[in-house]
Every structure is written in C-alpha cells, then in structure tokens.
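Using the sequences provided together with the hints, build the complete structure.
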Amino acid sequence: MVSSRHSLGTFRHLCKPNCRCARGKLHKSLYLVQSQAGKLRQICVPKAWQQRVRQAVNDYHLMQELIEEVSELEWKRLQEKKR
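Take any residue in the sequence shown, note its place counting from 1, add 1188, and you have its number in the numbering used here.
Don't take every hint at face value.
To be verified - Label pairs and their in silico Cβ distance ranges: (1) Lys1270 - Arg1242: 38 to 44 Å; (2) Glu1253 - Lys1227: 22 to 28 Å; (3) Glu1268 - Ala1236: 16 to 22 Å; (4) Tyr1219 - Lys1269: 42 to 48 Å; (5) Leu1196 - Val1258: 22 to 28 Å; (6) Leu1261 - Trp1237: 33 to 39 Å; (7) Lys1227 - Glu1257: 25 to 31 Å; (8) Asn1246 - Ser1217: 16 to 22 Å; (9) Lys1270 - Gln1239: 45 to 51 Å; (10) Glu1253 - Tyr1219: 19 to 25 Å; (11) Gly1226 - Lys1269: 33 to 39 Å.
It is worth saying that the hints were derived from the structure and are not from the lab.
Built from N, CA and C at the ideal position, the CB exists for glycine as well.
So this is what it looks like as structure tokens:
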C-alpha cells in the first residue's frame, strides 16, 4: 500500500519575468502539496480552481479520519474475538 498525504500551502513569491505585472512585486499563490512514498511534490493552483481544490483536500482529510476510525473499530473487534 502506498501512503500519500495532501495539504495546501500559501506562499509569497516574486514575479517571474513573464508575469503580467512584471514589477517584481510579491504575489500570494496557493499550492497543492503531496507527499508520496517520502517524496514531496507541489503544484500551483489557479485562482479559478482554488475553492474546488480546497474542498477536495478537506474531503480527503475527512476520508482519512473516517478510515482511521473504521480501522480502530475493527482492531478492537478482533481483540474482543480473541478473548
């Protein structure tokens, strides 16, 4: 089983030469960060997708919590059966 984790990060970065403003100002950007098999990767999330990506990450974390709860319940159930 390959484990992965997702999170969101907001970073400030300088404009790139091809930026529309090209004034060297700092911009806030939202990045989706994934850790998979000990390796990190990140991707900038376009403004139009930010709400949808935030919801997807929240849903992912909720699913992880629910899976942990089910796992714990099954663990306890197996311990009870052994007695």
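Results of checking the hints against the structure:
Against the hinted window of 38 to 44 Å, the Cβ-Cβ separation of Lys1270 and Arg1242 comes to about 43 Å, which satisfies the hint. The hinted window of 22 to 28 Å between Glu1253 and Lys1227 holds, with their beta carbons roughly 24 Å apart. With their beta carbons about 51 Å apart, Glu1268 and Ala1236 fall outside the hinted range of 16 to 22 Å. A hinted range of 42 to 48 Å for the beta carbons of Tyr1219 and Lys1269 is consistent with their spacing of about 45 Å.
A C-beta distance of roughly 25 Å is found between Leu1196 and Val1258, which places it inside the suggested range of 22 to 28 Å. Our hint of 33 to 39 Å for Leu1261 and Trp1237 holds, since their Cβ atoms are close to 35 Å apart. At about 28 Å, the beta-carbon gap between Lys1227 and Glu1257 stays in the expected band of 25 to 31 Å. Separated by about 19 Å at the C-beta atoms, Asn1246 and Ser1217 satisfy the suggested range of 16 to 22 Å.
Hint check: Lys1270 to Gln1239, Cβ distance near 47 Å, so the stated range 45 to 51 Å holds. At about 23 Å, the CB distance of Glu1253 to Tyr1219 agrees with the hint of 19 to 25 Å. Restraint check, Gly1226 to Lys1269: a C-beta distance of roughly 35 Å satisfies the suggested window 33 to 39 Å.
When each numbered hint is compared with the structure, a violation occurs for hint 3 only.
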